[in-house]
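Q: Here's the letter readout for the chains.
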Amino acid sequence: MSTDVKTIPQAEHIAPEGVKLPVYMDNHATTPMDPRVLEEMLPYFMEKFGNAASRNHSFGWAGEEGVEIARERVAKLVGATTKEIIFTSGATESDNLAIKGVAEMYREKGNHIITAVTEHKAVLDTCKRLEKYGYRVTYLPVQKDGLVDLEELKRAMDDKTILVTIMWANNEIGVLQPVAEIGKLCRERGIIFHTDATQAVGKVPVDVNKNNIDVMSISAHKMYGPKGVGALYVRRKNPRVQISAIIDGGGHERGMRSGTLNVPGIVGLGKACAIASEEMAKEACHLAGLRNRLRDKIMGGLDEVYINGSMEHRLPGNLNISFAYVEGESLLMGINDIAVSSGSACTSATLEPSYVLKALGTGDDLAHSSIRFGIGRFNTEAEVDYVADRVVETVTRLRELSPLYEMAKEGVDLKSVKWAAE
Amino acid sequence: MAYSDKVLDHYSNPRNVGSLDKNSSEVGTGLVGAPECGDVMKLQIKVNPQTNVIEDAKFKTFGCGSAIASSSLATEWVKGKTVDEALQIKNTEIVKELSLPPVKIHCSVLAEDAIRAAIHDWKKKQDVAKPATVAAQ
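As they're listed, the protein sequences go chains U and P.
Under this note's numbering, the first residue of the first sequence carries the number 1, and numbering increases by one thereafter.
Under this note's numbering, the first residue of the second sequence carries the number 1, and numbering increases by one thereafter.
Treat the hints with caution; some may be incorrect.
Quick list of in silico lysine-lysine cross-link-like pairs, BS3-like style, CA-CA up to 25 Å [to be verified]:
id : chain 1 : residue 1 : chain 2 : residue 2
1  : U       : K409      : P       : K46
2  : U       : K418      : P       : K124
3  : U       : K154      : U       : K100
Which residues of chain U face chain P? A few of them, derived with a C-beta cut under 10 Å, are [what the hints assert, rightly or not]:
id : residue
4  : L38
5  : S89
6  : E329
7  : D364
8  : L398
9  : E400
10 : M407
Not close to chain U: a few residues of chain P, all C-beta gaps over 10 Å, as computed [unchecked claim]:
id : residue
11 : P14
12 : D84
13 : V95
Simulated from the structure, these hints should not be mistaken for laboratory data.
Quick reminder that beta carbons are idealized off the backbone N, C-alpha and C, glycines included.
Put together the whole structure using the sequences plus the hints.
A: Have a look at this one:
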C-alpha cells in the first residue's frame with residue numbers, strides 16, 4: 001500500500017492580536033533589560049562617569065556612591081552583608097574566581113573538589129583545568145529528575161575535599177538542587193560550598209544563610225539587568241571564607257578582583273536586584289502560571305512528548321520538552337518566529353546533543369528532540385498561546401515527514417531496529 | 001544558522017513525501033542513519049521492470065532542515081532516471097545545489113547513502129525474483 005502525504009506547506013504566520021513577532025521565549029539565555037534598570041544606569045555613562053576608585057574628587061565619589069547603593073541592593077536580595085559582595089564581569093568570571101580562588105587558597109588543606117555532571121561549562125571546564133594542576137575532581141551523576149543524590153554526595157566527600165560546587169538552578173532544565181541540604185553536609189565537614197546561582201537569583205528566594213551557602217555566583221543579564229556584569233558572594237563569618245584573586249592589579253574589591261569597576265553595569269545589577277526583591281514573589285506565580293499553560297496546551301495537542309527534569313523542583317519560567325520522532329533543529333526552523341533553544345546536536349557548536357539531558361538518562365534520540373522554553377517577565381498569555389499553537393502545528397507537520405513516527409505507529413520497536421549508522 | 005533559499009524551500013514545501021509499498025517487487029527501500037545520531041532517512045523508489053527507470057520516489061526524514069532538504073532533492077533527482085544513472089548521483093552535487101555549509105555535508109552523504117540503499121534493496125528483490133520467474137515459465 002502506498003501512501004501519499006500531502007504535507008501542509010509552511011505558511012507565513014500572522015501574529016494574533018497582542019503578539020509581536022518574533023516572540024522571545026529564551027530567557028535562560030539572556031533577558032531583555034527592564035526599562036527601569038536602563039533608566040537607573042543612564043546617568044552613569046555621562047554625568048557620573050567617574051572612576052569609583054578616585055577617592056579625592058566628586059566625580060569619583062558619585063561613582064562610588066552608585067556602586068555602594070548597588071552593593072546594598074545585591075546583598076539584600078540574597079541575605080548577605082555588603083562586604084561579602086564582589087563585583088565581576090559576569091557569572092563565568094564569578095565561577096572561575098570562586099573555584100580557582102578556593103582551590104589555590106586551600107591547597108594545603110586538600111586537593112579534592114566535587115561537582116556534578118549537569119553543571120554549566122564555566123564550572124566544568126574550570127574544574128577540568130584544575131585537574132591538570134593536580135587537583136582531583138569528582139563529577140557526581142544526577143538522578144532521572146536531574147537532582148543530585150545526597151547520599152552519593154556524602155560518599156564522595158573525604159578528608160581531602162576542600163570544595164563542593166553545585167548549581168542552584170540548571171540553565172537547561174531549570175531543576176533546583178537541594179542547596180540547603182548540600183550546604184549543611186559541607187558545613188558539618190568543614191568543606192566550602194560554592195553554588196552557581198546564575199539562573200536562580202531573582203527568580204526563586206535565595207538566602208545565603210538559610211541555605212548554608214559559602215560562595216555564590218550571580219549574573220545581571222539573566223535577571224533583566226545588563227550583560228557583562230555579575231557578582232560573587234564570599235562569606236565573611238561562620239565560617240570566614242578566603243579566596244585567592246585570579247586577576248592581579250590595583251587591588252579593587254578588597255583585593256579579590258582588580259580592575260576599574262564597571263559602574264553603569266553595577267548600578268544596573270543593583271537596580272535589577274532591587275526590582276527582584278520587590279516583585280519576585282508575585283512574578284514567580286505569574287511565570288509558573290504561564291509555564292503550566294504552555295505545558296498543558298502542548299501536551300493536550302500532541303502525544304509522545306516528554307518533560308525533561310523534575311516538575312516539582314524547577315524554576316517557575318522553565319519548560320524543557322522532548323518531542324519524540326522530531327529533530328530539534330528542524331522544529332526550530334518551523335517555529336522561526338519564536339526564539340527558543342534546542343538540545344539537538346545540530347544546534348550546538350560541538351555537534352553533540354545536550355550533555356545535561358544525556359545525564360538524566362534521556363536517550364540521544366530524545367535529546368536531539370528537545371526544546372527549552374524560557375518564559376520571562378515580559379511574556380504574555382497571548383504569546384504563550386501563540387507559541388503552543390505553533391509548536392503543536394509544526395511538530396504535527398514534521399511527524400508526517402518522520403520515518404520514525406511512521407514506524408512507531410506501525411508498531412515497530414525502534415530500539416530493536418539495527419540502524420545502519422555511520 | 002542561515003539556510004539557503006533552496007533549503008528553506010524544500011523544508012517548507014518538501015517534494016515527494018510519503019511511502020511506497022515496501023513489499024512490492026518493484027519497490028526498493030533505503031533506511032539509513034540512526035535516531036541517536038539525529039538523522040534517519042527513508043527513501044523509496046518504484047522501478048519499471050522493463051526499462052529500469054525510476055518512475056516514482058518517496059521519502060520521509062527525521063533530521064534537521066538540511067537533512068529534509070537533501071532527501072527531498074534526492075527524490076526529485078532520481079525520478080525519471082534509470083537505476084544506473086541514479087547511482088551516479090554524488091553527495092557533492094547535493095551540497096552544491098543546496099549550498100550546504102561544511103557542518104551539514106553529512107546530510108548530503110546520508111541522502112546519497114539512502115539512494116544507494118534503496119537501489120540495493122530493489123536489486124536484491126530482482127535477483128530473488130528472476131529464478132522464480134524462470135521456474136514459472
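Q: Between K418 (chain U) and K124 (chain P), is the straight-line Cα distance small enough, at 25 Å or below?
A: Satisfied, since the Cα-Cα distance of roughly 19 Å is no more than 25 Å.
Q: Beyond 10 Å from chain U, beta-carbon-wise, is D84 (chain P)?
A: 23 Å, holds
Q: Does E329 (chain U) pass the interface hint, meaning its C-beta sits closer than 10 Å to a C-beta of chain P?
A: 4 Å, holds
Q: Beyond 10 Å from every chain U Cβ: check whether that's true for P14 (chain P).
A: 6 Å, violated
Q: How about E400 (chain U): closest beta carbon in chain P under 10 Å, or not?
A: For E400 (chain U), the interface hint holds, since the closest Cβ of chain P sits about 7 Å away, which is under 10 Å.
Q: Does the CB of L38 (chain U) sit less than 10 Å away from some CB of chain P?
A: 30 Å, violated
Q: Would the stated hint for S89 (chain U) survive a check requiring a Cβ distance to chain P of less than 10 Å?
A: Hint violated; S89 (chain U) Cβ to chain P Cβ min 28 Å, cut 10 Å.
Q: Does V95 (chain P) clear chain U by more than 10 Å, comparing its Cβ with all Cβ atoms of that chain?
A: Non-interface label on V95 (chain P) holds, nearest chain U Cβ at 16 Å vs cutoff 10 Å.
Q: Using the nearest Cβ pair, does M407 (chain U) come within less than 10 Å of chain P?
A: 9 Å, holds
Q: Could you check if D364 (chain U) really has its C-beta closer than 10 Å to a C-beta on chain P?
A: For D364 (chain U), the interface hint holds, since the closest Cβ of chain P sits about 4 Å away, which is under 10 Å.
Q: Between K154 (chain U) and K100 (chain U), does the CA-CA distance stay at or below 25 Å?
A: Holds, because 23 Å separates the two Cα atoms, which is no more than 25 Å.
Q: Verify the interface restraint on L398 (chain U): the C-beta must sit less than 10 Å from at least one C-beta of chain P.
A: 8 Å, holds
Violated hints, in rising order: 4, 5, 11; the structure is consistent with all others.
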